[in-house]
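Number of protein chains: 2
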Amino acid sequence: MSAQVNVALGERSYTIDIAPGLIRADLARYLPQSEILLVSDSNVGPLYLDAIQAQLGHARVLRYQFEAGEASKRLDVVEAIWSLLMAERFSRKCVLVAVGGGVVGDMTGFAAACYQRGAGFVQIPTTLLAQVDSSVGGKTAVNHPQGKNMIGAFYQPLSVLVDTETLDSLPARQWSAGMAEVIKYGALGSLDFLGWLEHNMAALMARDAVAVAEAIRVSCQMKADIVADDERETGRRALLNLGHTFGHAIEAHEQYRGLLHGEAVAVGMVMATRLSVALGWDAPDNLDRLVALLRAGELPVEPPPGMTPADFMHHMGLDKKVDAGQLRLVLPKPTGSAVISADFDPQALARTLADSCR
Amino acid sequence: MSAQVNVALGERSYTIDIAPGLIRADLARYLPQSEILLVSDSNVGPLYLDAIQAQLGHARVLRYQFEAGEASKRLDVVEAIWSLLMAERFSRKCVLVAVGGGVVGDMTGFAAACYQRGAGFVQIPTTLLAQVDSSVGGKTAVNHPQGKNMIGAFYQPLSVLVDTETLDSLPARQWSAGMAEVIKYGALGSLDFLGWLEHNMAALMARDAVAVAEAIRVSCQMKADIVADDERETGRRALLNLGHTFGHAIEAHEQYRGLLHGEAVAVGMVMATRLSVALGWDAPDNLDRLVALLRAGELPVEPPPGMTPADFMHHMGLDKKVDAGQLRLVLPKPTGSAVISADFDPQALARTLADSCR
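Those protein sequences? They're chains A and B, same order as listed. Counting from 1, position 338 in the first sequence corresponds to residue 338 in the working numbering; the numbering is continuous, with no gaps. Whatever position you read off the second sequence (first residue = 1), add 1000 for the working numbering.
Read the hints as simulated data drawn from the structure, not as lab findings. One thing to keep in mind: the hints can contain errors.
To be verified - Across the chosen pairs, the derived CB separations fall in these ranges: (1) G306/A / A1080/B: 30 to 38 Å; (2) Q53/A / A1080/B: 34 to 42 Å; (3) L1084/B / P346/A: 28 to 36 Å; (4) A1054/B / P284/A: 54 to 62 Å.
Positions of the beta carbon are idealized from the N, C-alpha and C atoms, including for glycine.
Isolated chain A, as found in the complex (with noise of 0.2 Å):
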């Protein structure tokens, strides 16, 4: 049940280590480092800082704790982060570590980049969204006023610690919206992963240690693999976008307090689905695959009720993913495979979002 993921980015390369109980021993192994910081939230905090603390006697410890959610994700709550670290003379050999979701990760990597241009970054991510998706790649982020993770770096860590255990005390809906990023890497390229994930969501659903572990495995590898190749995101790794556009777009019009990232992805692939099914560039039975899985995973599968075609259009006019005013979308191919495009039909992407927001 243990693994061991390598990103191999030249001097940056890092591993992840996968294993259930991986932070309850042994924890100063991965931080020999003598100034080190534990960021988290206000729901994981309590669960593990005291436990992950007692470990670390070599080193002066901090700790920052913020209010859970993703109204935290915000400059003002780094910039604590950073005014701590000075207060206390923390010096850039320093170490930033991360335990929490998505939230805690972007936001003290965001942090360790900008502190003295780059202190040190460990990841302990705790949910399962973050165990196969923010924490591989390096992107690290707060939100603008005016669009989510508009402010941030490509910054990587030391090492990532994977804890299966502390995926124990996740909520079912957290647990589903990990699952719509596991269900991605099906749909986006591995068709043996995708029949893995058919014949195993039954187990994974059940939370079974054995299944569950596969699967962050091969997510983060799968990640891993398209980081490794391109990781400013010029050009291939955009395909980790699969259905990000339209799921921002359902996070912005309900201003972050609706779906969960996860679930509005869920909903996104099966609009991007859509839409390569009615250019013609895929089968309708992957339609239908991705739509069964997603389902099983207990995610939702259509737009919020009252969001409009009009709303998409309004939110995707922002998105990140516009070059030069056109809209490239991240669209399945019928092998099993995608590709990002600018050059489809509009008249197909209206007819999707009439057909998406019934």
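Keeping the supplied structure of chain A fixed, place chain B upon it in accordance with the hints.
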């Protein structure tokens, strides 16, 4: 009088073009992007932005101008730049062009580094100091209330355009401050360049165009070579901080309202060399040569009146070059080179501070 320096950093390589009149014509060749933000300050902007913008008819051009001076080097000013870019829906393919001295360059570079995780960045440095120092090497930053340049990123520009004609309007004090960094390259390692400077200091102070272009070229080339070797300052690059630990202490003591950065570095170089001589690592003759060169450059060679050894110790305690509680200093060696060392007699430091603060 025109030259080009290549900064070899793999896929982040760029060139520095040095020529008189470089920004008067043909600027679109360097700035083909379709979204351009010109950033400058209240001193420099009025001199150049109209002429620059007139050459960029192919692009959407925005401007952002802030109050000149170190006091503007704050995160909230960078936030205002981000908000302007967001309000105008500039994509991550946009380019931010810094037109001005080191403050403009550092802040614009940091804004570019973090906007959508990395927009384009081009430097048009208009002070001697920026042309020979802050335009090379990718250090970007803003100040934190508790320390200078504490929040930032390593982020390389796409290109640097050094128009030596922009120096014509530079006040004498700013000229000398830039000359301090030029002299630093003489002190740092190249005996040839040290000798060249001794023979050409009168021409440089008279702003002889040929001598000035050569001084800029050699300084940029030396810095480029060191940075190519050690982009993220894990080793040899720290040599470039010669005089900076003492210099920063002076700037902090005067709350950045006293000596200019270059002036403080001039004093710092004298103090570092004095310490080397006290340790027996450098010959007294080298201290004399350095002091003579700085005086010819109309630069201070002593700390400001009233500043005490205790003031230095206090401010050096928070310096970034403090490594695990040990003060590491760049100290000249008799060969005309220098070392980075924490392994010196603290009493020699105390004596140097006492000798310097008189």
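Each hint, compared with the structure:
Checked against the given bound of 30 to 38 Å, the beta carbons of G306/A and A1080/B, roughly 36 Å apart, stay inside it. Taking 34 to 42 Å as the suggested C-beta distance range, the pair Q53/A and A1080/B conforms, at roughly 38 Å. Distance hint for L1084/B and P346/A: a CB-CB separation of about 30 Å, consistent with the stated range 28 to 36 Å. Between A1054/B and P284/A the Cβ separation comes to about 56 Å, which falls inside the hinted range of 54 to 62 Å.
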